[in-house]
Amino acid sequence: MVLRDPRTEPFDRIEHIAVSVREVQFRGRSGRHTGFIYRLDKAPPRLVHLRWHYNLSDELPSVDEDLWQELGLDEPNRVFLAGWVSQLGQNQDAIPYGFDSGGNCFEVGTGAYIAPPPGKGLTCATFVSGVLNNLGYDLVDEASWPVRISDLGWQTLIIHALQDTGASQAHIDAIDADLGNIRLRPEEVAAAATVDGTLWPTTFQIVEPLSREVLAELTAARARPV
Amino acid sequence: MTRSDRSQSIRPDLAIPGSTDWVEVKVSGAPQAVMPWGAPLEDNVVVVRAGRLYNFIQMIPTNPTGANTLVMQLGGPYSDKASSTSNVQIITWPGVPGSTAQWSSQLLANAGQPEAKKAPVPNSLPQLTPFFELGLGNQQRSSSEELVSCIGALNALLKRGSFDVIDTVLRSVPLDRMSPELIVTFARVTFAVRRHLRAWGQFVLDARSALSQKGLNPAVVLKGLA
Numbered sequence: 057m058v059l060r061d062p063r064t065e066p067f068d069r070i071e072h073i074a075v076s077v078r079e080v081q082f083r084g085r086s087g088r089h090t091g092f093i094y095r096l097d098k099a100p101p102r103l104v105h106l107r108w109h110y111n112l113s114d115e116l117p118s119v120d121e122d123l124w125q126e127l128g129l130d131e132p133n134r135v136f137l138a139g140w141v142s143q144l145g146q147n148q149d150a151i152p153y154g155f156d157s158g159g160n161c162f163e164v165g166t167g168a169y170i171a172p173p174p175g176k177g178l179t180c181a182t183f184v185s186g187v188l189n190n191l192g193y194d195l196v197d198e199a200s201w202p203v204r205i206s207d208l209g210w211q212t213l214i215i216h217a218l219q220d221t222g223a224s225q226a227h228i229d230a231i232d233a234d235l236g237n238i239r240l241r242p243e244e245v246a247a248a249a250t251v252d253g254t255l256w257p258t259t260f261q262i263v264e265p266l267s268r269e270v271l272a273e274l275t276a277a278r279a280r281p282v
Numbered sequence: 006m007t008r009s010d011r012s013q014s015i016r017p018d019l020a021i022p023g024s025t026d027w028v029e030v031k032v033s034g035a036p037q038a039v040m041p042w043g044a045p046l047e048d049n050v051v052v053v054r055a056g057r058l059y060n061f062i063q064m065i066p067t068n069p070t071g072a073n074t075l076v077m078q079l080g081g082p083y084s085d086k087a088s089s090t091s092n093v094q095i096i097t098w099p100g101v102p103g104s105t106a107q108w109s110s111q112l113l114a115n116a117g118q119p120e121a122k123k124a125p126v127p128n129s130l131p132q133l134t135p136f137f138e139l140g141l142g143n144q145q146r147s148s149s150e151e152l153v154s155c156i157g158a159l160n161a162l163l164k165r166g167s168f169d170v171i172d173t174v175l176r177s178v179p180l181d182r183m184s185p186e187l188i189v190t191f192a193r194v195t196f197a198v199r200r201h202l203r204a205w206g207q208f209v210l211d212a213r214s215a216l217s218q219k220g221l222n223p224a225v226v227l228k229g230l231a
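Chains as they are written, first to last, in the numbering used here: chain H, 57 to 282; chain G, 6 to 231.
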């Protein structure tokens with residue numbers, strides 16, 4: 057089992073920080089979405105995730121949608137990370153959507169997002185991996201990730217969606233240059249984050265089968281009676 | 006002299022203003038379940054909480070960046086308790102010639118007061134505006150709230166580019182008395198600016214040693230910070 061279903065394992069069992077993953081519908085296609093669920097001391101758990109272009113949310117997680125699993129880090133690091141991640145809500149309208157982060161992207165002291173050049177930005181998945189990378193946790197070995205034709209289709213869909221939702225022309229023009237980049241899929245980042253941290257950065261060969269388990273568990277959770 | 010040597014070599018005499026000697030300040034009276042220094046400055050007023058026994062106070066005089074640092078460690082019956090009460094506090098404030106000695110005198114002038122007391126700042130003392138006030142956790146555990154406070158305090162220094170002060174803090178923090186998550190916080194928040202910090206390498210070495218002494222594997226806890 058990679059994921060936990062909050063209907064049977066409530067979010068308040070999260071010890072400091074977890075990764076979340078849910079199914080979403082996007083432009084008539086089914087997809088996945090990921091983020092962090094953090095818990096400060098005895099406070100209610102919160103989900104911080106990059107929804108879309110300049111749209112980050114810090115809110116209560118959804119029992120009906122968000123499956124979760126704790127990060128594969130030791131407790132001192134999870135406590136620290138939960139505290140650090142709790143600052144990210146300030147970036148509500150600061151993070152553009154893009155296929156290439158353009159490097160370290162958060163001020164390490166504040167968690168404030170550093171505006172990148174046009175076209176650069178994060179996805180929901182690279183938001184998770186970018187936060188971790190920023191703090192010295194190298195989550196995945198990107199060099200081991202393949203370029204997949206199906207990801208090119210997804211990237212094209214995203215560019216159209218950005219155009220339709222009012223992204224600037226400069227952003228659209230620049231993001232074209234990143235078409236064909238490797239893509240870290242949400243289920244892959246979620247799966248990687250659950251791997252024992254001593255094995256980070258995790259390779260595609262380790263993550264890919266786990267990500268298929270994530271997909272299967274999302275399907276099973278959807279079919280499970282509430 | 007090692008960190009633990011220093012923290013144990015408490016001198017019975019009083020402070021030498023402006024020096025970096027360890028000194029002991031005894032404060033009698035009923036224990037207060039509050040930070041040793043409450044709101045430290047309110048409209049030019051210093052609030053000193055009585056009822057604590059400080060193991061040491063280190064005064065670090067004005068350094069080239071124009072900042073003073075005061076490191077205080079609460080000792081006595083509280084130092085061994087596993088509670089959320091913080092036992093170390095670091096206060097740094099912009100340096101003005103003479104302010105260190107006056108601050109020290111002010112501190113000592115309040116020692117022995119049985120109750121929490123507001124003491125007016127002498128006219129000759131410039132208005133102190135500390136930008137860095139840290140409550141460091143006890144050696145067992147730190148709460149997320151404490152860590153967030155620590156991140157914020159470090160950020161205040163990062164924003165000012167006060168690398169000399171951060172160096173001073175990294176050299177001064179009593180790692181053997183800090184919780185693992187607090188050590189992680191210092192290490193990971195300063196990681197991104199390590200090239201600007203002369204003390205960072207030694208801090209990490211000392212942190213590794215301290216984590217080992219706490220029964221943790223430093224290679225795991227500080228993974229990615231090589």
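A portion of the hints provided could be inaccurate.
Stated by the list, open to error - Here are the computed distance ranges between Cβ atoms for each label pair:
| # | chain 1 | residue 1 | chain 2 | residue 2 | range |
| --- | --- | --- | --- | --- | --- |
| 1 | H | Ala-279 | G | Leu-210 | 50 to 58 Å |
| 2 | G | Leu-210 | H | Leu-255 | 29 to 37 Å |
| 3 | G | Leu-210 | H | Glu-264 | 33 to 41 Å |
| 4 | H | Ala-276 | G | His-201 | 48 to 56 Å |
| 5 | G | Val-225 | H | Ile-205 | 32 to 40 Å |
| 6 | G | Gly-166 | H | Ala-150 | 21 to 29 Å |
| 7 | H | Leu-116 | G | Gly-220 | 49 to 57 Å |
| 8 | G | Ser-214 | H | Arg-204 | 22 to 30 Å |
To be verified - Derived coverage of chain G by chain H (criterion: at least 3 residues anywhere in the stretch with Cβ under 8 Å from a Cβ of chain H; other residues may be distant):
| # | segment |
| --- | --- |
| 9 | 146-155 |
| 10 | 175-189 |
| 11 | 199-211 |
To be verified - Which residues of chain H face chain G? A partial, calculated answer using Cβ under 10 Å:
| # | residue |
| --- | --- |
| 12 | Asn-133 |
| 13 | Arg-134 |
| 14 | Gly-139 |
| 15 | Leu-191 |
| 16 | Pro-257 |
| 17 | Phe-260 |
Rather than coming from a laboratory, the hints here were simulated on the basis of the structure.
Yeah, the Cβ is synthetic: ideal placement off N, Cα and C, and Gly gets one too.
Checked hints:
1. In this structure the hint that H/Ala-279 and G/Leu-210 lie 50 to 58 Å apart at CB holds, the actual value being about 53 Å.
2. About 25 Å separates the C-beta atoms of G/Leu-210 and H/Leu-255, a value inconsistent with the hinted range of 29 to 37 Å.
3. Range check, G/Leu-210 to H/Glu-264: Cβ separation about 38 Å, and the 33 to 41 Å hint holds.
4. Distance hint for H/Ala-276 and G/His-201: a CB-CB separation of about 50 Å, consistent with the stated range 48 to 56 Å.
5. Taking the beta carbon of each, G/Val-225 and H/Ile-205 are about 38 Å apart, inside 32 to 40 Å as hinted.
6. At roughly 22 Å, the beta-carbon separation of G/Gly-166 and H/Ala-150 lies within the given 21 to 29 Å, and the hint holds.
7. For H/Leu-116 paired with G/Gly-220, a C-beta distance near 36 Å fails the hint of 49 to 57 Å.
8. For G/Ser-214 paired with H/Arg-204, a C-beta distance near 45 Å fails the hint of 22 to 30 Å.
9. Coverage of the segment 146-155 of chain G by chain H holds. Counting CB-CB distances below 8 Å, 6 residues qualify, and the rule asks for three or more.
10. With 5 residues carrying a beta carbon less than 8 Å from a beta carbon of chain H, the segment 175-189 of chain G meets the three-residue requirement, and the given coverage holds.
11. Chain H is given as covering the segment 199-211 of chain G, and this is violated because 0 residues of the stretch bring a CB closer than 8 Å to a CB of that chain, at least three being needed.
12. A cut of 10 Å between beta carbons decides the hint on H/Asn-133: the least distance to chain G is about 6 Å, and the hint holds.
13. Satisfaction of the interface hint for H/Arg-134 is found here, the shortest Cβ-Cβ separation to chain G being roughly 8 Å, below the 10 Å cut-off.
14. Satisfaction of the interface hint for H/Gly-139 is found here, the shortest Cβ-Cβ separation to chain G being roughly 4 Å, below the 10 Å cut-off.
15. Contact between H/Leu-191 and chain G, as hinted, is supported at the beta carbon level, the nearest pair being about 5 Å apart and thus within 10 Å.
16. Restraint check, H/Pro-257 versus chain G: the minimum CB separation of about 9 Å is within 10 Å; hint holds.
17. Below 10 Å, beta-carbon pairs count as interface contacts, and H/Phe-260 has none with chain G, the closest being about 19 Å; its hint is therefore violated.
Consistency with the previously given hints fails for numbers 2, 7, 8, 11 and 17, ordered from lowest to highest.
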